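Participant: The listed protein sequences correspond, in order, to chains E and V. For the first sequence, position 61 (counting from the first letter as 1) is numbered 60 according to numbering that gives the first Met the number 0, and the numbering increases by one without interruption. For the second sequence, position 100 (counting from the first letter as 1) is numbered 99 according to numbering that gives the first Met the number 0, and the numbering increases by one without interruption.
Keep in mind that a hint or two might mislead.
Since copy identity is lost for identical chains, a pair holds within one copy or between any two.
Here are the simulated SDA-like cross-link-like pairs (lysine to any residue), alpha carbons at most 20 angstroms apart as the crow flies [to be verified]:
#1 K263 / P61
#2 K285 / G274
#3 K285 / R91
#4 K150 / S131
These are calculated hints, taken from the structure and not from any lab test. All of these numbers come straight from a predicted model, not from anything done at the bench.
There are 2 protein chains.
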Amino acid sequence: MKYYIGVDIGGTNLKAGVVNDRGEIISESSIPTGADRPQDVVLHDILKAVHNSIEGAGGVDPKDIRALGVGSPGMIDSETGTVIYNNNLGWRNFAIAPKMSEALNLPVRLENDADAAALGEVVSGSAKGASSAMIITLGTGVGSGYVVDGKIYRGCEFGHMVISYGGRECTCGRHGCFEAYASATGLINMTKEAIRDNPDGILAGIAAKEGTVSGHTVFVAGEEGDTVALKVIDEYTGYLACGLVNIINGLHPEVISIGGGIGKQGERLLVPLRGKINAEVYGEVKESPAKIVSCTLGYKAGLIGAAMSVRDI
Amino acid sequence: MKYYIGVDIGGTNLKAGVVNDRGEIISESSIPTGADRPQDVVLHDILKAVHNSIEGAGGVDPKDIRALGVGSPGMIDSETGTVIYNNNLGWRNFAIAPKMSEALNLPVRLENDADAAALGEVVSGSAKGASSAMIITLGTGVGSGYVVDGKIYRGCEFGHMVISYGGRECTCGRHGCFEAYASATGLINMTKEAIRDNPDGILAGIAAKEGTVSGHTVFVAGEEGDTVALKVIDEYTGYLACGLVNIINGLHPEVISIGGGIGKQGERLLVPLRGKINAEVYGEVKESPAKIVSCTLGYKAGLIGAAMSVRDI
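Pulled out of the complex, with its shape left as it was, chain E reads as follows:
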């Protein structure tokens, strides 16, 4: 059996895992990122997590570990294995892959973390076996990762696709980006607005009870039949469907998997979403040619995908 190591560099934790060639995690290790530390100090902890994961993989002969894949947020250059910039970690032009390769005496490849997670979902998650799959992560922003014929299509970035020309301001400086509408942040803003307009309603009551407004709040109120919440869900899924139909028409992925905090809503998100997508897809079809599902691997997708990205080495 061949084994690969996957590393996921998160804003909160550094994770490393030994993964077999079927995409199963044999052992994993996690260390707090400590994002405010110098990059070489963080690198030291990444290597520690890697060693921990190897030690944890009892039955695995280290000689059978063929290569290591790293998934990193931010702008990266996979050719040189360099993180060009990462605002959360304060990294600039950090040649992480060559440094790790030298320290571990293994081939190391760097991928974008959303790309790696997408590959994970295709190898052993929600899009297992799909010839092409787009993974859309709905969190603070909207991430996208595209996998075609088992390979990462690098740098796919549909979060900053404008769907509403001259519309809501986006953190990127443009107006009307998909992210400004379809992210958890976008949904939370819409929920807060609905609460302001209906301060005595069920939605407002649930938010008061929870003490905060999250991407979850509106779905809880919707299940209680609150019309204000249902209207927010309707509007939100309209925007989300719009961006997804653009991707379906444009690229014809076999599967679209929805991840991130909002993806966890499962069928209460997917049922209204599929209805809107089916009504909008292009051509003489009554139903979306792409299967719309939820991601299933959670944080493991990034580890598995990073490891699987070096299977061809």
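Assemble chain V onto chain E, guided by the hints.
Facilitator: The following block gives chain V in isolation, referenced to the frame of chain E:
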């Protein structure tokens, strides 16, 4: 030398050409389509054009012709070589590739005509040698064809990407599609509106002299410094840039080639367009990572690309 035949099924003419493996047309033949005739009668004329092109390719030994590629408009199934539907020609479930293959005793493959034209531009036109290129055709509608690593990415369709949620009605039934804004039709509508609002201006005068409003009219008036025309060009290139930046951010093509009637405007379109794109692309860059150029092959792109699509046979 190996040779291939390319066939382009247009609404007006059926074209066939013998093409060498460098993408150079050796001979070509054209026959009016006669779109209102039964599909088998049209097929007969397609075969006639193919035979004419072979006869015209004097020095080419027919034994050296390896395969034939057909580019067809409408919805197609490349796997079975069937045109599923084509509204202009009235075709429904027409298994054109198997029929041509039997008649000619050659392997025959069917591609979408926009896809074939995109491959032509990559093999020997505006995007020659590009590792990835998106060809955007601005005519009655907005067509798109994507070529990655020398191969067609089938069925890429960004004309019906919504860029303005709830915006202008599109012929497809959705609202706010890129096509409704960036097609020649969209530009002509905007030009007519500007003329209605400014009936005594330079733009109105040029339209009156030409006797009609075309996608060309506003650029002629713009060159004379007409502020009304310049405003239309500014608005139009804003929409066009929006859709192209979505594609650049989403897929990172190395080259975007603009074809169709509007593509012929060359630098008077491209100069304002590039300015807008550079201002909008995502990330810490000052300039579009994609080269923005005009298509150079005209109708020949479809013939060359169809022929080159069967190079691997």
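Participant: Against which earlier hints does the structure fall short, listed by number upward?
Facilitator: Result: hint 1 breaks, nothing else.
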